[in-house]
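Whenever a hint applies, use it, and build me the whole structure from the sequences.
Number of protein chains: 2
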Amino acid sequence: MTTAFDTVIAHARETAALEAVMTRLGWDQRTVMPHRGSAQRAEELAALEKVLHARRTDPRLADWLDAAKAPTPEGAAMLREIARTRDRHARVPDTLAAELARVTSTAQDIWADARRHDNVAAFLPALEQVVALRREEAAAIADGGDPYDALMQDYEPGASGADTAAMFDRMRPRLVALREAILGAPTPEPLRGDFAQDGQLRLARKLAEAFGYDFTAGRIDLTVHPFCAGHGADVRITTRVVETQPFNCLYSTIHEVGHAAYEQGVDPELALSPIGRGVSMGVHESQSRIYENQLGRSRAFTGWLFDAMRAEFGPLNLDDADAFHAAVNRVTPGYIRTEADEIHYNLHIMMRFDLERDLLQGKLDVTDLEEAWNTRFQADFGVAVDRPANGVLQDVHWSAGLFGYFPTYSLGNVYAGCLNRAMRADLPNLDTRVAQGDLRAATGWLHDRLQRFGALRDPRDTIKAACGFAPTEAPLLDYLETKFRAL
Amino acid sequence: MTTAFDTVIAHARETAALEAVMTRLGWDQRTVMPHRGSAQRAEELAALEKVLHARRTDPRLADWLDAAKAPTPEGAAMLREIARTRDRHARVPDTLAAELARVTSTAQDIWADARRHDNVAAFLPALEQVVALRREEAAAIADGGDPYDALMQDYEPGASGADTAAMFDRMRPRLVALREAILGAPTPEPLRGDFAQDGQLRLARKLAEAFGYDFTAGRIDLTVHPFCAGHGADVRITTRVVETQPFNCLYSTIHEVGHAAYEQGVDPELALSPIGRGVSMGVHESQSRIYENQLGRSRAFTGWLFDAMRAEFGPLNLDDADAFHAAVNRVTPGYIRTEADEIHYNLHIMMRFDLERDLLQGKLDVTDLEEAWNTRFQADFGVAVDRPANGVLQDVHWSAGLFGYFPTYSLGNVYAGCLNRAMRADLPNLDTRVAQGDLRAATGWLHDRLQRFGALRDPRDTIKAACGFAPTEAPLLDYLETKFRAL
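Chains as they are written, first to last, in our numbering: chain A, 1 to 487; chain B, 1 to 487.
What the hints contain is simulated information worked out from the structure, not anything from laboratory work.
Hints may contain errors.
Copies of the same chain look alike in the list, so a pair counts if it works inside one copy or between any two.
[Claimed, not checked] Result set (SDA-like, lysine to any residue): computed pairs, CA atoms no more than 25 Å apart in a straight line:
(1) K50 <-> H89
(2) K69 <-> G382
(3) K206 <-> L222
(4) K50 <-> D63
(5) K50 <-> A389
(6) K464 <-> A112
(7) K464 <-> T72
(8) K206 <-> D461
(9) K69 <-> T338
Structure follows, in structure tokens:
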């Protein structure tokens, strides 16, 4: 006999399959789609989004959910997730959702153009529209609550602006003090030279394998902005190559492999279920960050990488592994978030968080955004923004309507700090193996403790269950201080 | 005010957008999908197919179609196409459609395995099931009519088994006589050597450009079996490389460019409409064939290709353009349809047509198919089949349930013959330009006369409107006799 539980789960499974199609179209668009295909593609995405919206808000879901009895904790988590998604989508009128899709799609094109020409004024009317629509949407979801908190739930269920602000207030003084100490010391010599694309890609594949990327369930392609897309047995990553900056390709590959490992590592029993994927952006970022930073930028691993790079490219301008390690971990107050070191990265996020929260709460006008950005950047980074492309126009997020997303990057760093502490307590000799390019103990620990559970638990509970303690920012800050004071 | 016509066309447009997604998933699966992704992909395809089926048989369509008044001939053709699709899908019960999808998917895997091991017996039970289900489906569609004719409509609307049989009866004697005459003469020397993949692909891209493939609305990838997928501004082709047989890559590229030119060439005004694509498999094949054969294998073009090959690969074993032309057009009675020359190709089709029609009409049992195949092959080709992979197991079609599809290949040849006659009458000096690798007059003629209209007219009317005469097999046979008697 088919129970209400079976019915609602089967329905969700088909929805998940169609969401996987949507994800695949996104990969295709950014990776292999012919230039002229975009208008047609926009109609495909809109048609599929309409199908998905109808399924997520199917009127039968209410009855099914009322009648359904979950036979297991996994089943209960699936029902919770279906109810959450339904509630979120049902609160937003179709017309508003369609308008948002249309406006953010256009705004991204306008933003790209404005960035290319350093023309903030050209972007502001579009941003104005996006902010207005997202505020309207936030009001519909929040039901009287805080609009910024409402939007955060899409990326980090359970997070709040107040908690995040309090966390950032605790982080800031230690980060700033650390930053000042480092910038007062001599700057290490950077890696120099030309590193051919073929060699970079060969080494990137080697790194991906070392970090456990399953090529039978994925592939690597080249794009301007690296990303990871997909779930389960089809999780694809991309990378990019700058011939004079090989760390760009190598570390973005490790970063995306972290995301991919989470998706590839979810228990196959949960595939295409509402919990068969990473639970939140923050937890996702914890995986990409711990792969990239706490593991990939550790002294143990850079020692191995130093040899691997010389094997691939011949002698380097840095002639020992310590100098190489210092070059990998150079700290400089640059303009661009995506190129920031482990310390400045969080300062970038804090700034964006404050600005976007003010925008959403109506405390900052779009017209004043550039000035607010520039003032804040000067204060936090000690450098004046030289041009909008290096300032307020640098990120795609706001043009795409992604408000509430930025803090998940820092949450990911904080979670990675917790996981790193717990993992190293469990595996005291980890570095001996990492120094040989053998990451299996580390990735195996993350798989067993976290990745395989997908979205079974809330984000914070996911980290707590993996670490054995509730997440705080302290382990990250301790790790950063220990690492960078030694450098 | 929105009319019933607007409503039904808007609905069809979304359906077409979702069909384009389905096509893209097919491309992805055959070109870039990771090995382990197939189980997940099957669920994605099934979920999307269910959405499409529901849209094509939406109960509101009947009322809309009753009320809709087409403002133009294009609009009338769109309504006809919507009604035809609705009728066809509404006649087949959901359970049967789902069972067919499941069984043909499995049967294709079983077939691939059986072919690899030359094990006909392992394939027959699956084929038995496929034939039984397709007969059931044909009965549902045919409504008392001929089951084979019913299935043909999916690939060639308006075609019938009786017409096709009569056409083949007229073609056979002249083809057989021509074949005997050629096989009685000395065999030309083949092209020999190793042709590196890079060079083949470079030349393939050059050929694609020469034949008008628009790379801004498409791309070329490598697959085991070349194909073309997509409509409008996103039409992708694939090719393959056998280093010892460069004509394989070069002519399959030209062939797929023919298909792609039809889809890329449809008037953008018709994009995502029910007539915004090629009208039938036969007319599609007419484009791929005339590009590949009447143009690509002409003495004028092979002369240009001879020079292009020497420029790419250095000296060849054939030292003049006539010998090269003869090598391109070698006639040999091989086992494999996809490798057959212009003459034997049609004999392959006639044989499959008779066998599959007998299967569908219940005149031939699946258990007797291999013997029937081998007997017929010996009679038609004068050679005994050496192994099932070279015989009854060579084609994927039947395992996929594609009964009624094979004759469209020969119809394509026949239509190409007609188009070639009309085109050369209109453009008497065409070969002068073709000999310089300039195909624009030819492809322009095909675009203006045929490609841009998409599915505005029936298949036969499409050819008739382009040529100015009703299609018959005579121009093809005249062309073959003239060409091969000269060789």
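So, going through the hints one by one against the coordinates:
{"no.": "1", "hint": "K50 <-> H89", "in the structure": "both (12 Å within a copy, 23 Å between copies)"}
{"no.": "2", "hint": "K69 <-> G382", "in the structure": "neither (57 Å within a copy, 69 Å between copies)"}
{"no.": "3", "hint": "K206 <-> L222", "in the structure": "both (16 Å within a copy, 24 Å between copies)"}
{"no.": "4", "hint": "K50 <-> D63", "in the structure": "both (22 Å within a copy, 23 Å between copies)"}
{"no.": "5", "hint": "K50 <-> A389", "in the structure": "neither (35 Å within a copy, 46 Å between copies)"}
{"no.": "6", "hint": "K464 <-> A112", "in the structure": "neither (40 Å within a copy, 49 Å between copies)"}
{"no.": "7", "hint": "K464 <-> T72", "in the structure": "within (21 Å within a copy, 66 Å between copies)"}
{"no.": "8", "hint": "K206 <-> D461", "in the structure": "neither (33 Å within a copy, 58 Å between copies)"}
{"no.": "9", "hint": "K69 <-> T338", "in the structure": "neither (45 Å within a copy, 56 Å between copies)"}
Of the hints listed earlier, those the structure fails to meet are numbers 2, 5, 6, 8 and 9, in rising order.
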